[in-house]
Amino acid sequence: MRMLLLIGIDGATPDLVERLTSTGQMPNLRALMRHGVYGHLQSSANLDPCCAWSSLLTGVNPGKHGVWGMQNLMPESYQWHPAHARMLRAPTLPQMLSERGHEAGTVFVPMTFPAREAEWTTVSGWLAPSSDAEGFAHPGRVASMAARKLRDVPLNVRVGPLAAAGRYQEALEQAIEAMRGKAAFIEELLADHRWDMLAVNFVELERMLRWCWHLFDRKHSSFREELYTAHGKIITQMHEEVDAIIGRLMEALEPDDYLLIVSGYGMGLNSRAALCVPELMGYLDLFATRSSAEGLWHDLMSRSARLIDGALETLQGILPAFLADMLPQPLEQEQPSRGESDSWLDYERSWVIPAPGGHLYFHHENEFPHGIVSNGTSDRLSLQISSALQTAIDPATGRRPLDWARDRERVCSGPFMNRLPHLVTRWDHKRVVEGLTATGRDGRVKVARPPAGRNSPGLPAPEGIIIAAGKGLHSGVRIEGARVEDVAATVMYLRGERVPTYFDGQVLRQAFVDAMMSRHPIRTIERDLPRIVDDPARAEAASAVVAAHLRANGYDL
Numbered sequence: 001m002r003m004l005l006l007i008g009i010d011g012a013t014p015d016l017v018e019r020l021t022s023t024g025q026m027p028n029l030r031a032l033m034r035h036g037v038y039g040h041l042q043s044s045a046n047l048d049p050c051c052a053w054s055s056l057l058t059g060v061n062p063g064k065h066g067v068w069g070m071q072n073l074m075p076e077s078y079q080w081h082p083a084h085a086r087m088l089r090a091p092t093l094p095q096m097l098s099e100r101g102h103e104a105g106t107v108f109v110p111m112t113f114p115a116r117e118a119e120w121t122t123v124s125g126w127l128a129p130s131s132d133a134e135g136f137a138h139p140g141r142v143a144s145m146a147a148r149k150l151r152d153v154p155l156n157v158r159v160g161p162l163a164a165a166g167r168y169q170e171a172l173e174q175a176i177e178a179m180r181g182k183a184a185f186i187e188e189l190l191a192d193h194r195w196d197m198l199a200v201n202f203v204e205l206e207r208m209l210r211w212c213w214h215l216f217d218r219k220h221s222s223f224r225e226e227l228y229t230a231h232g233k234i235i236t237q238m239h240e241e242v243d244a245i246i247g248r249l250m251e252a253l254e255p256d257d258y259l260l261i262v263s264g265y266g267m268g269l270n271s272r273a274a275l276c277v278p279e280l281m282g283y284l285d286l287f288a289t290r291s292s293a294e295g296l297w298h299d300l301m302s303r304s305a306r307l308i309d310g311a312l313e314t315l316q317g318i319l320p321a322f323l324a325d326m327l328p329q330p331l332e333q334e335q336p337s338r339g340e341s342d343s344w345l346d347y348e349r350s351w352v353i354p355a356p357g358g359h360l361y362f363h364h365e366n367e368f369p370h371g372i373v374s375n376g377t378s379d380r381l382s383l384q385i386s387s388a389l390q391t392a393i394d395p396a397t398g399r400r401p402l403d404w405a406r407d408r409e410r411v412c413s414g415p416f417m418n419r420l421p422h423l424v425t426r427w428d429h430k431r432v433v434e435g436l437t438a439t440g441r442d443g444r445v446k447v448a449r450p451p452a453g454r455n456s457p458g459l460p461a462p463e464g465i466i467i468a469a470g471k472g473l474h475s476g477v478r479i480e481g482a483r484v485e486d487v488a489a490t491v492m493y494l495r496g497e498r499v500p501t502y503f504d505g506q507v508l509r510q511a512f513v514d515a516m517m518s519r520h521p522i523r524t525i526e527r528d529l530p531r532i533v534d535d536p537a538r539a540e541a542a543s544a545v546v547a548a549h550l551r552a553n554g555y556d557l
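When we follow the numbering used here, the leftmost residue of the sequence shown carries the number 1, and every step to the right adds one.
Relax, there's no trap hidden among the hints.
Below are the DSS-like pairs computed for lysine-lysine, each with C-alpha atoms no more than 25 Å apart in a straight line:
hint: 1; residue 1: K430; residue 2: K233
hint: 2; residue 1: K446; residue 2: K430
hint: 3; residue 1: K219; residue 2: K233
hint: 4; residue 1: K430; residue 2: K219
Simulated from the structure, these hints should not be mistaken for lab results.
Work the whole structure out from these sequences, hints included.
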């Protein structure tokens with residue numbers, strides 16, 4: 001059987017890729033676009049990498065696979081849990097294919113840690129603490145190879161501290177070195193034997209775009225001409241390296257093999273508008289914090305610890321390695337006990353609970369132990385908040401930064417809707433805002449501003465890319481309307497398998513020539529979404545491991 005190689009390039013952005021392929025700076029991608037199909041790939045509703053990859057792997061929306069984002073609110077306990085593989089409630093591509101006798105695996109793909117002890121091969125992505133962590137890889141032979149070959153290869157390059165210190169060239173060098181180390185490991189796996197489906201992923205381009213977007217985007221408030229002159233070319237250099245690595249991996253393919261290149265989301269300017277939403281909800285008396293000394297003290301200590309950790313992180317990025325190693329490790333912050341997460345929030349007076357990205361949970365009595373929103377007030381609350389967000393303006397420009405606000409039922413469906421925010425928002429990615437206006441109950445107009453601190457200049461954007469090449473696909477054709485959920489259905493079709501009817505994604509028919517569709521018509525199989533039950537203790541342990549790892553890497557959970 002022909003091999004199918006799926007290469008994920010997190011953060012690959014249509015505008016940048018199209019410009020650099022047209023100028024010949026990404027010759028391998030340019031050739032693939034000419035001899036295969038190319039299109040924009042619509043991301044998940046919330047533009048979250050963990051959610052997008054979950055949908056790409058399962059073919060369903062977050063209401064069915066159960067993962068909203070890197071942070072997931074558990075209504076029964078008010079706890080925020082980081083995303084991990086045991087949180088998924090839908091089968092993944094390697095699982096479905098291996099159950100049908102295919103040799104399948106994933107390498108450096110998000111949402112695969114901890115690896116399941118099953119028939120398929122897994123080498124975890126950046127959610128794993130290290131290559132020698134328990135559950136990093138499976139089976140044992142691959143785990144041993146990974147521990148040996150990846151010992152000095154960072155799974156998640158920390159570009160943020162280097163960018164904050166102005167060490168952009170060093171960030172580029174570390175990102176390229178990490179990509180090359182991962183590519184060498186993938187080449188070894190490809191040489192080991194023929195795969196029916198192998199999905200691999202690189203996160204380094206995304207990290208560079210996230211923290212260096214201001215170097216080349218003149219619309220960003222932090223853009224400086226002198227920075228552009230000195231460092232503006234590093235993004236082009238990063239894309240050139242991505243293209244070269246794709247060329248290396250293509251050498252393992254036979255002429256009739258299939259190659260898919262995807263990015264489940266692009267990147268764009270961080271407008272900071274979503275960061276204003278919690279304060280905006282406070283001005284509308286819909287979100288309150290505790291006034292007790294205990295709540296304030298908990299908040300103060302938590303914030304102080306984060307400030308100290310941030311200072312240590314910055315110093316580690318600035319100082320030479322031998323001095324950085326002498327610094328104390330970040331503080332071990334006390335974690336809230338079950339049911340006490342976010343204890344600084346006053347749940348008795350909060351009608352909403354803000355989520356990362358500007359989305360909002362309604363504190364509903366049917367979903368939260370201390371909920372105060374009833375069925376009778378839910379619709380009215382949604383209308384009130386939607387109206388406030390739609391009319392909020394940036395005082396610096398007079399523009400309205402909100403693209404849209406929609407009830408979760410309009411963007412998702414499935415048995416795990418209670419894990420999703422009730423109101424999903426999408427914000428403009430074209431300019432940085434100074435704040436959002438709101439009219440309080442007293443009739444006064446107030447301005448909610450982004451919290452102080454370091455924010456990444458770039459953030460995920462609605463569209464990534466998809467490129468597909470191989471026998472039976474069109475040449476030089478652009479496809480329209482592709483979504484992340486469509487990738488799983490298309491892979492199942494290319495492997496000659498029936499597509500489950502519970503999938504939200506569809507086979508990308510427009511990518512294939514008529515003769516291919518005639519010889520191999522799309523087949524479906526009636527299936528309800530399988531019920532996946534996981535051991536709660538193992539899921540809790542995975543959550544704790546991932547949370548500790550992310551905090552140690554500067555994520556504010």
